[in-house]
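Chemist: Chains W and L are the protein sequences, given in the same order. All residue numbers for the first sequence refer to my numbering, where the first residue is 38 and numbers rise by one. All residue numbers for the second sequence refer to my numbering, where the first residue is 2 and numbers rise by one.
These are computed hints drawn from the structure, not numbers from a lab. Treat the hints with care, since some could be wrong.
Said to hold, decoys possible - A few chain W residues that don't get close to chain L, going by computed Cβ distances all over 10 Å: (1) LEU54; (2) GLU55; (3) GLU59; (4) ASN75; (5) LEU94; (6) LYS165.
To be verified - Coverage of chain W stretches by chain L, computed from C-beta distances (three or more under 8 Å per stretch; other residues unrestricted): (7) 125-132; (8) 137-149.
Unchecked claim - Partial list, computed: chain W residues near chain L (C-beta under 10 Å): (9) PHE51; (10) ILE56; (11) PHE71; (12) ILE160; (13) ASN169.
Note that beta-carbon positions come from the ideal geometry of N, C-alpha and C, so glycine has one too.
Residue-level listing of the chains:
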Amino acid sequence: MSAKGNRKITTIHFGELEITPELIYVFPEGLLGFEGMNEFVLVSEEETEPFKWLISLDEPNIGFPLLNPWFINIKYNPGKKFNADKEVIFSVVTLGNGSSDMTANLKAPIILDIDERKGRQIILPSDKYSPNYIISPNKEKTS
Amino acid sequence: MLVLSRKIGEVITVGNSVKVTVLSFDRGIVRLGIEAPKSIPVHRKEVHDKIVEMNQMASKTEFQTLKTALNSSSVQFNVNNSGELEAPTLNKKKKIEEK
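If we strip away everything but chain W, and leave its shape as in the complex, we get (with noise of 0.2 Å):
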């Protein structure tokens, strides 16, 4: 049984979960490249930890893991923009169709606001961080 407000999506990632209104995630400008999506859940799996999901309420079969970059990168610098007491940052990370590289994006990190369930992505200026930065070289293409 679904208690009040709650809300019932199926993903292709999870199976069927149930969203309580307070763990959603809004992105009044969704995500770049995808800006019509503007409402997200963060899910967390034993099996694909330290690595989140970005879960996409419109649109449940779209997820996006994500890294916290200073796993990556422990000088990682995100900058002003980025407000430490209240938020989190994740990194998007890509995989290709399973024989790239594995990468994680640093150039254009995702924020979540924690108390005011807000989320955001955000360019950083500077050239050091790579937006497709190799955390995992695929094994078959070095070998």
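Knowing the structure of chain W, use the given hints to seat chain L on it.
Modeler: Coordinates of chain L only, in the frame set by chain W:
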């Protein structure tokens, strides 16, 4: 597309809050100065397009693909001792770097 000719130092306004100044022109390279409110992100188009491309690739990731990649990969994470997922605060991070 609106086409305007401008000399060096001249300005184009976009709406009430954006100003684009032609700073210099040298050997085929135009340098522009852009003043815009923080709420309007300004980026080179190729940077924007690359991020759209990476987002689109990421969005197609399947749970099983990531799981398999994790099991077989050599990814080394800088996970802290307690295995915390929340980002460390920048203050804490600075302290680490100072040591």
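Chemist: Next step is simple, just say for each hint if it's right about the structure.
Modeler: Hint by hint, here is what the structure shows:
| no. | hint | in the structure |
| --- | --- | --- |
| 1 | LEU54 | holds (12 Å) |
| 2 | GLU55 | holds (18 Å) |
| 3 | GLU59 | holds (18 Å) |
| 4 | ASN75 | holds (15 Å) |
| 5 | LEU94 | holds (14 Å) |
| 6 | LYS165 | holds (13 Å) |
| 7 | 125-132 | holds (count 6) |
| 8 | 137-149 | holds (count 5) |
| 9 | PHE51 | holds (7 Å) |
| 10 | ILE56 | violated (17 Å) |
| 11 | PHE71 | holds (6 Å) |
| 12 | ILE160 | holds (5 Å) |
| 13 | ASN169 | holds (6 Å) |
Hint 10 alone, counting from the list given before, is not met by this structure.
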